[in-house]
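*Asks:* Residue strings, one per chain:
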Amino acid sequence: MLDRVIGTLALGDRAGRRYTEEELVLLEALADQGALALANAQLHARLREQVHAFHQLAQTATAAAQAKEDFLVSVSHELGTPLTAIKAYVDTLEANPEIDRWLRAEFLGVLKREVDRLARLIGNILDASRLELGRFAVDATDLDLHTVVGDVVRTVATRRLVRYETCGPLPVKGDADRLKQVLLNLVDNALRHGPPDEPVVVRAAVERGCAVLRVCDRGPGVAAEHVGELFQKFQPLGRPGVDQRSATGLGLYLSNEIVKAHGGVLRVEQHQGWGGVFAVELPLREEAR
Amino acid sequence: MKHVLVVEDEPSIARIFQFHLERQGHRATVVGDGEAALAAVETRRPDLIVLDLLLPKLDGWAVAERLKAAPATTSIPVLMVSIVADRDRGLASGAADYLTKPFAVEDFVAKVERLLR
Numbered sequence: 011m012l013d014r015v016i017g018t019l020a021l022g023d024r025a026g027r028r029y030t031e032e033e034l035v036l037l038e039a040l041a042d043q044g045a046l047a048l049a050n051a052q053l054h055a056r057l058r059e060q061v062h063a064f065h066q067l068a069q070t071a072t073a074a075a076q077a078k079e080d081f082l083v084s085v086s087h088e089l090g091t092p093l094t095a096i097k098a099y100v101d102t103l104e105a106n107p108e109i110d111r112w113l114r115a116e117f118l119g120v121l122k123r124e125v126d127r128l129a130r131l132i133g134n135i136l137d138a139s140r141l142e143l144g145r146f147a148v149d150a151t152d153l154d155l156h157t158v159v160g161d162v163v164r165t166v167a168t169r170r171l172v173r174y175e176t177c178g179p180l181p182v183k184g185d186a187d188r189l190k191q192v193l194l195n196l197v198d199n200a201l202r203h204g205p206p207d208e209p210v211v212v213r214a215a216v217e218r219g220c221a222v223l224r225v226c227d228r229g230p231g232v233a234a235e236h237v238g239e240l241f242q243k244f245q246p247l248g249r250p251g252v253d254q255r256s257a258t259g260l261g262l263y264l265s266n267e268i269v270k271a272h273g274g275v276l277r278v279e280q281h282q283g284w285g286g287v288f289a290v291e292l293p294l295r296e297e298a299r
Numbered sequence: 042m043k044h045v046l047v048v049e050d051e052p053s054i055a056r057i058f059q060f061h062l063e064r065q066g067h068r069a070t071v072v073g074d075g076e077a078a079l080a081a082v083e084t085r086r087p088d089l090i091v092l093d094l095l096l097p098k099l100d101g102w103a104v105a106e107r108l109k110a111a112p113a114t115t116s117i118p119v120l121m122v123s124i125v126a127d128r129d130r131g132l133a134s135g136a137a138d139y140l141t142k143p144f145a146v147e148d149f150v151a152k153v154e155r156l157l158r
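Protein chains in written order, with my numbering: chain L, 11 to 299; chain B, 42 to 158.
No lab work stands behind these hints, which were simulated from the structure alone. One thing to keep in mind: the hints can contain errors.
Result set (DSSO-like, lysine-lysine): computed pairs, CA atoms no more than 30 Å apart in a straight line [stated by the list, open to error]:
#: 1; chain 1: B; residue 1: Lys-109; chain 2: B; residue 2: Lys-43
#: 2; chain 1: B; residue 1: Lys-98; chain 2: L; residue 2: Lys-122
#: 3; chain 1: B; residue 1: Lys-109; chain 2: L; residue 2: Lys-122
#: 4; chain 1: L; residue 1: Lys-78; chain 2: B; residue 2: Lys-98
#: 5; chain 1: L; residue 1: Lys-97; chain 2: B; residue 2: Lys-43
Partial list, computed: chain L residues near chain B (C-beta under 8 Å) [what the hints assert, rightly or not]:
#: 6; residue: Ala-49
#: 7; residue: Gln-52
#: 8; residue: Glu-296
#: 9; residue: Ala-298
From the three backbone atoms N, C-alpha and C, an ideal C-beta is built for every residue, glycine too.
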């Protein structure tokens, strides 16, 4: 028997006759049975809903687990590459103390680059995780984007040819470190995708009240059908047939998020004679517009 | 002097392969993608191919498949080197040996010497 009322069973006799004790007992038993059946039906419906909800939860969990698995595979591959180089060069230097100082300097140079690369990859992974948790901070101050570009070009140009076509000061509000991170990433990508003997060009312009930086290479560019997925996490295949291994799949995603956090836009453009052209557009400070 | 073709798109790793091969008294040719590998084999038949698997243009699996399918190249030993620990698949696809990255340099040298013997 239930301990609560879930409905009412109303009966009456047309002739106005009163029910007998036996009839009332029978009716009570009938009402109890009906109530139980009704409660069961309600329970079933609730159970069905819960099973459905559980199913959905399980599906979400599976998708999340898959995403996590993909993330781990992608990350371990990415970290594995510099790690392989570091181990091989350290092994080599250790086992061959007689190698001359030129070779030693060359190998130490490689080691330094690969350690930097590893540090950058780890930084990207941490940033991506901060973004996911909503803890990614942009510390904006008044700055000149022209100086930021200059710093980045000087850092990179010790290794490869990068040409900066300036248009003078570009006063914006932004986080200098984060914007450097974006530019470094774009320039690195351009160097990787462009032919080794061609310089990467960073071209600055002022357009419609915005500072625009275009990072241009003479590589194969980005196929139109891949532009959409370029800024998603773990999409290192943006340039099919050219590179399936070198990007973290995080660099462009993070760059895009950083630029968005500055109220700007990161986009891929097509320019005659160029391959990949990535444009960063940031609003100029009010007084400069 | 034996001739080894290194197919590796990561310049720093290709360079260290080359260093050790030359140190062992071999001649090394380095290419950075699968298509260039097939072209290099056609130009000059190597005694051994060190083959990375994740490569631009044509991946290492496809390169191995084509090498094994052509009578002229089927007997060239291939040492697969990859970050993917897939030794069984590697050997099944015709590789003579398989090395997982990160690797110990002495393992690389030992495998190369064994395959060139």
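*Asks:* Determine for every hint whether it applies to the structure shown.
*Replies:* Tested hints:
The hinted pair formed by B:Lys-109 and B:Lys-43 meets the criterion: a straight-line CA distance of about 21 Å does not exceed 30 Å. About 29 Å separates the Cα atoms of B:Lys-98 and L:Lys-122, which keeps this hinted pair within 30 Å; it holds. A threshold of 30 Å between alpha carbons decides the hint, and for B:Lys-109 with L:Lys-122 the separation of about 39 Å lies outside it, so the pair is violated. Only pairs whose Cα atoms come within 30 Å are accepted, and L:Lys-78 paired with B:Lys-98 is accepted, the gap being roughly 28 Å.
A threshold of 30 Å between alpha carbons decides the hint, and for L:Lys-97 with B:Lys-43 the separation of about 26 Å falls inside it, so the pair holds. For L:Ala-49, the interface hint is violated, the least distance from its beta-carbon to any beta-carbon of chain B being 57 Å, above 8 Å. With a least beta-carbon distance of about 54 Å to chain B, the hint placing L:Gln-52 at the interface is violated under the 8 Å criterion. For L:Glu-296, the suggested interface contact is broken, since its CB lies about 46 Å from the closest CB of chain B, more than 8 Å.
A least Cβ separation of about 42 Å between L:Ala-298 and chain B goes past the 8 Å threshold, and the interface hint is therefore violated.
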